[in-house]
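There are 2 protein chains.
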Amino acid sequence: MEFDLDKAMAVLTRTPATLRTLLKDLPRDWVETNEGANTWSPYDVIGHLIHGERADWIARAKIILEHGESRPFDPFDRFAQFEESEGKTLGELLEEFAALRERNLATLREMKISAGDFEKTGQHPALGRVTLKELLATWVTHDLDHIAQIARTMANQYMTEVGPWQAYISILHDRKK
Amino acid sequence: MEFDLDKAMAVLTRTPATLRTLLKDLPRDWVETNEGANTWSPYDVIGHLIHGERADWIARAKIILEHGESRPFDPFDRFAQFEESEGKTLGELLEEFAALRERNLATLREMKISAGDFEKTGQHPALGRVTLKELLATWVTHDLDHIAQIARTMANQYMTEVGPWQAYISILHDRKK
Numbered sequence: 001m002e003f004d005l006d007k008a009m010a011v012l013t014r015t016p017a018t019l020r021t022l023l024k025d026l027p028r029d030w031v032e033t034n035e036g037a038n039t040w041s042p043y044d045v046i047g048h049l050i051h052g053e054r055a056d057w058i059a060r061a062k063i064i065l066e067h068g069e070s071r072p073f074d075p076f077d078r079f080a081q082f083e084e085s086e087g088k089t090l091g092e093l094l095e096e097f098a099a100l101r102e103r104n105l106a107t108l109r110e111m112k113i114s115a116g117d118f119e120k121t122g123q124h125p126a127l128g129r130v131t132l133k134e135l136l137a138t139w140v141t142h143d144l145d146h147i148a149q150i151a152r153t154m155a156n157q158y159m160t161e162v163g164p165w166q167a168y169i170s171i172l173h174d175r176k177k
Numbered sequence: 001m002e003f004d005l006d007k008a009m010a011v012l013t014r015t016p017a018t019l020r021t022l023l024k025d026l027p028r029d030w031v032e033t034n035e036g037a038n039t040w041s042p043y044d045v046i047g048h049l050i051h052g053e054r055a056d057w058i059a060r061a062k063i064i065l066e067h068g069e070s071r072p073f074d075p076f077d078r079f080a081q082f083e084e085s086e087g088k089t090l091g092e093l094l095e096e097f098a099a100l101r102e103r104n105l106a107t108l109r110e111m112k113i114s115a116g117d118f119e120k121t122g123q124h125p126a127l128g129r130v131t132l133k134e135l136l137a138t139w140v141t142h143d144l145d146h147i148a149q150i151a152r153t154m155a156n157q158y159m160t161e162v163g164p165w166q167a168y169i170s171i172l173h174d175r176k177k
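So the sequences go chain by chain: V and U.
Note that this note's numbering has the first sequence beginning at 1, numbered continuously upward.
Note that this note's numbering has the second sequence beginning at 1, numbered continuously upward.
Treat the hints with caution; some may be incorrect.
Intra- or inter-copy, both count: the list cannot distinguish identical chains.
To be verified - Pairs of lysine to any residue residues, derived as SDA-like cross-links and limited to a Cα-Cα distance of at most 20 Å, are as follows:
#	residue 1	residue 2
1	24	102
2	120	25
3	24	12
4	24	69
5	62	26
6	24	98
7	24	14
8	120	87
9	7	102
Calculated from the structure, these hints are not laboratory results.
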């Protein structure tokens with residue numbers, strides 16, 4: 001499927017409500033348990049998504065449009081949420097994510113990006129040259145990746161409880177390595 | 001995490017609204033595309049979940065409680081949705097799933113299952129002896145598995161559009177084999 005801004009935004013718009021519906025008011029065991037050392041709980045993932053709204057997607061799109069490759073992106077801190085989420089409830093994080101996403105999608109609309117801008121380039125600190133289209137497509141897949149991660153992390157908690165059915169539930173074989 | 005009926009039901013209750021929020025009114029490309037031969041689109045997955053509500057979880061729980069191992073479960077048809085969904089819109093399927101799930105959770109409540117029933121056993125046509133607890137835990141992980149599958153199937157459509165970021169988005173490496 002070729003990248004299309006409206007179709008991409010259709011997914012980006014739905015993510016906060018999808019996560020709210022999946023996670024809000026769930027018993028804490030479901031949302032505060034991770035998959036083992038150096039893995040994230042659903043609570044951690046929402047903090048990571050919030051940091052992305054603040055520091056990643058729109059910030060980088062602006063750099064591409066305003067500076068091109070002359071100003072490389074700032075590196076993204078994959079662990080920022082461990083400090084930034086401190087003291088906040090999951091419900092608060094879900095609302096914060098929704099508000100930031102809404103604001104960022106409004107900004108994206110104001111940027112009036114057209115297909116002619118899709119191939120404009122920027123410099124990623126590790127990946128090198130990337131295009132605006134690739135950045136926006138990645139924003140979408142990043143949302144979907146973390147929705148799947150949350151579902152997997154929750155499912156893994158019943159790894160032994162499902163008994164012999166473990167063989168049939170593919171997600172129980174995808175555990176984070 | 002040990003199986004607990006209330007905690008399991010907290011997830012089972014949320015699944016229909018989560019899927020409705022994620023999928024309803026999305027452009028058709030997102031919901032009608034699968035991952036290649038012999039894989040399912042999000043539309044197909046919702047039909048499969050509907051068939052599970054009709055033929056699998058509650059039906060099997062009743063067999064365990066009423067007949068134990070003396071009456072094996074009926075085999076589950078993993079392809080029923082290709083006929084049953086015919087002519088229905090995704091919006092209709094999402095509502096049908098929600099209504100069936102609501103009815104099944106009401107039935108589950110009426111069954112007044114207690115921890116003392118968790119180890120009651122039934123005969124699975126392929127897996128052999130299984131317990132009521134394992135059946136109910138599997139219902140939960142099966143929901144989560146299909147939420148993750150839908151997210152992955154959608155993300156895979158941008159496999160090439162993300163360019164070099166493909167290396168960073170783990171779900172793009174989980175493509176159904």
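Taking the hints in turn, this is what the structure says about them:
In the homo-oligomer, the alpha carbons of residue 24 and residue 102 lie at most 20 Å apart both inside one protomer (19 Å) and across protomers (19 Å), since each shortest distance falls under that limit. Proximity of residue 120 and residue 25 under a CA criterion of 20 Å is satisfied in neither setting, with 42 Å inside one chain copy and 31 Å between copies. With identical chains, the CA atoms of residue 24 and residue 12 are at most 20 Å apart both within one copy (19 Å) and between copies (13 Å). Taking the shortest Cα distances, residue 24 and residue 69 never come within 20 Å of each other, neither inside one copy (41 Å) nor across copies (38 Å).
When the C-alpha separation of residue 62 and residue 26 is checked against a cutoff of 20 Å, the pair qualifies neither within a copy, at 37 Å, nor between copies, at 27 Å. In this homomeric assembly, residue 24 and residue 98 come within 20 Å of each other (Cα to Cα) both inside a single copy, at 13 Å, and across copies, at 18 Å. With identical chains, the CA atoms of residue 24 and residue 14 are at most 20 Å apart both within one copy (15 Å) and between copies (9 Å). Proximity of residue 120 and residue 87 under a CA criterion of 20 Å is satisfied in neither setting, with 40 Å inside one chain copy and 43 Å between copies.
In this homomeric assembly, residue 7 and residue 102 come within 20 Å of each other (Cα to Cα) only inside a single copy, at 16 Å, whereas the closest approach across copies is 31 Å.
Consistency with the previously given hints fails for numbers 2, 4, 5 and 8, ordered from lowest to highest.
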